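Visitor: Protein sequence lines, in the order shown, are assigned to chains L and P. With our numbering applied, the first sequence corresponds to residues 106 to 395, in that order. With our numbering applied, the second sequence corresponds to residues 1081 to 1390, in that order.
A few of these clues could be false.
Said to hold, decoys possible - Partial pick of chain P residues on the chain L-facing surface, computed with a CB cut under 7 Å:
{"hint": "1", "residue": "A1099"}
{"hint": "2", "residue": "T1118"}
{"hint": "3", "residue": "T1199"}
{"hint": "4", "residue": "A1272"}
{"hint": "5", "residue": "L1292"}
{"hint": "6", "residue": "L1349"}
{"hint": "7", "residue": "I1352"}
{"hint": "8", "residue": "G1353"}
{"hint": "9", "residue": "G1362"}
Simulated from the structure, these hints should not be mistaken for laboratory data. In this text the structure is predicted, and so the values were computed from the model without any measurement. For glycine and all other residues, C-beta sits at the position ideal for the given N, C-alpha and C.
The primary structure of each chain is shown beneath.
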Amino acid sequence: MKKITLFGTLNTMFIALFSLICTIPMLLVLMVSFTDEKAIQLNGYQLFPEKLSLGAYKLLLLGSTPLYQSYMISILITVVGTLLAVFITGAAGYTLSSRHVKYRNHLAMFFFVTMVFNTGIVPWYLISTGLGLRNTIWALIVPSMIFNPFNLFLVRNYMKQIPDTLTEAARIDGANDFYIALRIFFPLSLPVLATVTLFYGIGYWNNWFNAIMLVDNKDLFPLQFLLFKLNSEISMIQSMQRTMSEVATTLPAESVKMATAILTIGPIVFFYPFLQKYFIKGLLIGSVKE
Amino acid sequence: MSDIRKRKGVLGELLQNKAAYLLALPAAVYTVIFGYLTMPYLLIAFQKFNYKTGLFNSPWIGFDNFRFFFASPRAWEITFNTLKLNTLFIVFGTIAALLLAILFNELKSRLFSRIAQSTILFPHFLSWVIVSYVLYSLLSTEYGMVNRILEAIGMEPINWYSSPGYWTSILVGTHIWKDIGISLVIYLAAIAGIDESYYEAGRIDGATRMQLIRYITLPLLLPTVIILSLLALGKIMYGGFDMIYAIVKDNGLLYPTTEVIDTYVFRSLRNIGNPAQAMAIGLYQAVVGFILVYTSNKVVRKINPDHALF
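Sequences are here, hints too, so could you generate the full structure?
Guide: What follows is the structure in structure tokens.
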């Protein structure tokens, strides 16, 4: 019995240590964002900095920085994109799961083929530019973001379990497919729709590929792309400083970068309990088929 | 009844269920545009493509774009890097996640297990851009924590961002750090699905903890492990753009160990501005990739048809 306890203790300690190691790099970013710029230049990035400072956040939040604009863009594309994407996916999921639709399996095949054969970024780029999406907000919403067949199959498999009798009863009462899909299937599929909402939402929030490919207009930069640019183009931070000369005398470049990263993570931390719950559900539906 | 339906034909069916088909229309339109209509563009790999003349009027040049690519030493370097990095991600990612899942399963406290899982899963939700900042805070030559520690223990600091030799390990480590939580959750679910009576029988026969793991847990996890690995193997020619471009960016010093097909295609398209050449490489990637998806799916189907993609 004693041996088991020793193993148990060591095991718990090991896992605690491992979790800590996973966390430290993120804590470091957080701490640097609150570190005084002179302390950084003297001691480097530290978990326990000598001198704390709110300078970076003041600069970012009080000045007329591109941060607000990018935040608005990110929120806009995440909300609008996710709503559209979930509706498109849910509606098609209804069609594919309805037994009275004769060609549902042909349709499923039609969606499936594009999942297997990936033509890569070149045709994707040529078509997106051909549609005139370059430097529009839709470039960040539509290409590769607004519909994913994997999610469609997730929704279809869930909706298939809804008993036919329900549909039949509604049909006899004179309900059409729109009504049945929106008023019966969607409410009954809330768990899977929540999972899919989360997949799309995370996808939109974290996406910077569409921006790097299709957007040059600074006013359209989503947060992640602003962050991407910030690290390589110091001029972006300098432009912030010019507007903020009265607040900051020296440019806290290092802590500003890290503070922007922290502000970008913010919403993910906020929604994390929800994210985790539905993400794990979706993951297990998707990978451990039963 | 079924006879009447059959006689109606395609149009009749579409009309009768028009509302249902209309509901699938947005997804279908998207799939036509960004799925099926992308396919003809594969042909520009054989053209001297020009944005003005487009797909229909650009001159055909046979295999010149391919010849140009395969003649350069970069072709083999980036193919090798792609296969090397993705294989290492799969192998080390699987081993680390399996070990961790077995240790997690031995935890007595449910609450502690859940807190630790939440902690380990968290980085998965971060974008690679964020991860690049996390990595930079560790490895930055001037301010990075790693170099400060090296200095503190009397070693020479290392200029990480100009030393390609370290980057295979750094990328593998970063990949595991970001995504181990996912595999952990899947493996823990698979372990939870194992019938408790196996363990009871083992314990009655006097098996030790190690023997239970060795002879019950691991063999029963094997199918899940194989299937996940094979599915990952199918995507081995792809992937890595988000990760590698966010971290390496246009830092040419690191290309020898970090440049993969995806980043190379991106550079030929966006930096050099030659879509036809980029397409030739992309086509090579797509064909090899498709063969790998097809083969790995076939193997999965042999092991367990339920887990096959198609």
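Visitor: Can you verify the interface hint for G1353 (chain P): is its Cβ closer than 7 Å to any Cβ in chain L?
Guide: Hint violated; G1353 (chain P) Cβ to chain L Cβ min 11 Å, cut 7 Å.
Visitor: Can we keep the A1272 (chain P) interface hint, with Cβ of chain L closer than 7 Å?
Guide: Constraint on A1272 (chain P) not satisfied, violated at 10 Å.
Visitor: Does the closest beta carbon of chain L sit nearer than 7 Å to the beta carbon of G1362 (chain P)?
Guide: This interface hint holds because 4 Å falls under the 7 Å limit.
Visitor: Quick check on T1118 (chain P) please, does its C-beta sit within 7 Å of some C-beta on chain L?
Guide: Holds, because the Cβ-Cβ distance from T1118 (chain P) to chain L comes to roughly 4 Å (cut-off 7 Å).
Visitor: Have a go at the T1199 (chain P) hint: is there a Cβ in chain L nearer than 7 Å to its own Cβ?
Guide: With a closest approach of 4 Å, the T1199 (chain P) hint holds.
Visitor: With 7 Å as the cut and Cβ atoms as the points, is I1352 (chain P) at the interface with chain L?
Guide: violated, 12 Å
Visitor: Report holds or violated for the interface hint on L1349 (chain P), using the least CB-CB distance to chain L and a cut-off of 7 Å.
Guide: holds, 6 Å
Visitor: Given a cut of 7 Å on the nearest C-beta pair, is the interface hint for L1292 (chain P) held or broken against chain L?
Guide: Result: violated, 12 Å to nearest chain L Cβ.
Visitor: Minimum Cβ distance from A1099 (chain P) to chain L below 7 Å?
Guide: Given a least distance of 4 Å, the restraint on A1099 (chain P) holds.
Checked against the numbered hints above, the structure violates hints 4, 5, 7, 8; every other hint is satisfied.
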